[in-house]
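Given only the sequences and the hints, what does the whole structure look like? Please build it.
Residue numbers (this note's numbering), protein chains in the order written: chain A, 1 to 88; chain B, 89 to 414.
No lab work stands behind these hints, which were simulated from the structure alone.
Don't take every hint at face value.
Said to hold, decoys possible - With a Cα cut of at most 30 Å, we get these calculated DSS-like pairs of lysine-lysine: (1) K41(A) with K125(B); (2) K391(B) with K378(B); (3) K345(B) with K4(A).
As the list claims (entries may be wrong) - Derived coverage of chain B by chain A (criterion: at least 3 residues anywhere in the stretch with Cβ under 8 Å from a Cβ of chain A; other residues may be distant): (4) 181-188; (5) 264-278.
Ideal placement from N, C-alpha and C gives every residue a C-beta, glycine not left out.
Chain by chain, the residues run as shown.
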Amino acid sequence: MVRKEIKILNKYGLHTRPATALVTLVSKFKSDVFLEYKGVKINAKSILGLLVLAVEPGANLIVEANGVDEQEVVDDLDRLAQQKFNLE
Amino acid sequence: MHEPLTVGKIYKDNRQKFKIKCHNNSIGYGRVVTSSKLNRPGLELAGYWKYFDKSRIQIIGKKENMYLRTLPEEGRRKIITKLCSSGTPAIIFAHGAKPSDVFLEVARENNIALSSTPMLTSNLIGQLMDYLDWNLAPSTIVHGSLVDVYGVGLLLTGRSGIGKSEVALDLVERGHRLVADDIVKIIRRADNVIIGTSNEFLEHHMEVRGLGIVDVRQMFGIQAIRQQKRVEVQVELVEWDDDANYERIGAKVNYVKILEVNTPLVNLPIYPGKNITVIAEVIAMNHLLKFMGKNIAKDFEKKLAAKIRKKSRMAMLEQYLKKDFE
Numbered sequence: 001m002v003r004k005e006i007k008i009l010n011k012y013g014l015h016t017r018p019a020t021a022l023v024t025l026v027s028k029f030k031s032d033v034f035l036e037y038k039g040v041k042i043n044a045k046s047i048l049g050l051l052v053l054a055v056e057p058g059a060n061l062i063v064e065a066n067g068v069d070e071q072e073v074v075d076d077l078d079r080l081a082q083q084k085f086n087l088e
Numbered sequence: 089m090h091e092p093l094t095v096g097k098i099y100k101d102n103r104q105k106f107k108i109k110c111h112n113n114s115i116g117y118g119r120v121v122t123s124s125k126l127n128r129p130g131l132e133l134a135g136y137w138k139y140f141d142k143s144r145i146q147i148i149g150k151k152e153n154m155y156l157r158t159l160p161e162e163g164r165r166k167i168i169t170k171l172c173s174s175g176t177p178a179i180i181f182a183h184g185a186k187p188s189d190v191f192l193e194v195a196r197e198n199n200i201a202l203s204s205t206p207m208l209t210s211n212l213i214g215q216l217m218d219y220l221d222w223n224l225a226p227s228t229i230v231h232g233s234l235v236d237v238y239g240v241g242l243l244l245t246g247r248s249g250i251g252k253s254e255v256a257l258d259l260v261e262r263g264h265r266l267v268a269d270d271i272v273k274i275i276r277r278a279d280n281v282i283i284g285t286s287n288e289f290l291e292h293h294m295e296v297r298g299l300g301i302v303d304v305r306q307m308f309g310i311q312a313i314r315q316q317k318r319v320e321v322q323v324e325l326v327e328w329d330d331d332a333n334y335e336r337i338g339a340k341v342n343y344v345k346i347l348e349v350n351t352p353l354v355n356l357p358i359y360p361g362k363n364i365t366v367i368a369e370v371i372a373m374n375h376l377l378k379f380m381g382k383n384i385a386k387d388f389e390k391k392l393a394a395k396i397r398k399k400s401r402m403a404m405l406e407q408y409l410k411k412d413f414e
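Shown next as structure tokens:
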């Protein structure tokens, strides 16, 4: 299991487009990926789950991955978050 | 899984129901409540503190209030100070009683919210305990869909993208009721009841792959949804695996623990062309039959065993008669 904290840098938080980018990335991997925010843990492959978190700009999320490619998915996700999900 | 339950939140949520009125300008609203029990500090006021639980909210009823009045000024201040500095989260006066000036002064020093309600003490305790039980119950979030099928709460789970939402949508289309899709918040009431609800923000929205987000309530109407439902059976959708062993008889029930509650689990292999919706309905009906004491698989096993026994007895009789020469 790999755990890492990522920061959401997008100006409007984790709205529909960055959330879609996140789910698309995570779904490519085999591992089970979870995101934890304010004590609520959701499956990162579920778009509705992500939207429900309503993550505001500057917030820190905890990524947790379990599976064969756990390290890659966490690293890729971290990179994607730093690039502001290629949106801004 | 909880945001901590503060005194301020309890008052805000119940302001209308309990007609709660705060007497000291919302001080002590940040205190966190961790116990769902309440205490009437009758014995403590009389001086017995041995089993005092400081995590409980204190309820001052008519009796306690009247007793305090009988005490001399000095003793009263002492006992109130002890109560307020005990670490209790809040003190509520029932019967519309108002805290005395001494009480207000001591509460301010100790940062404790004092409030009163016109309700009867026993009614307040009943309703407030119900609220606290509900809000402090153990909870978890399950990735799946919860549908009420013939009154049975079916929790559909399985890996992302396997088609839980599609099955739920199909069930709704056949007249069953959706409780939650994608994110099912489950809480435990009592010791063996788990209840699923949707997220307040998500409500009855659903994601259908290739289509996007739809709102079941808007689309299918109010009869297609439910606010909460007891989770009774978990149906795990799994991909068909030639090597796996699937249940063929069904006399033995598998269980899964959700919040420490044993819940029947059905592992349902899927493949194209298999109608999961109908099977889900059958699972629900089978659960109802079992609940009413009719276990089809077990009855079938019994019938078969009886038949085999009868056959073997006949064979023995034949053997016996064959040897009966004359």
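Going through the hints against the structure:
Pair hint K41(A) plus K125(B) holds up; C-alpha atoms about 28 Å apart against a cutoff of 30 Å. In summary, the hint linking K391(B) to K378(B) is supported, as the alpha carbons are separated by about 17 Å, within the 30 Å threshold. For a cut-off of 30 Å, the pair hint linking K345(B) to K4(A) stands: about 28 Å separates their Cα positions. Counting residues of the region 181-188 of chain B whose beta-carbon sits less than 8 Å from any beta-carbon of chain A gives 0, not enough to reach three: the coverage restraint is violated.
Residues of the region 264-278 of chain B lying with their CB closer than 8 Å to a CB of chain A number 3, which satisfies the three-residue condition for coverage.
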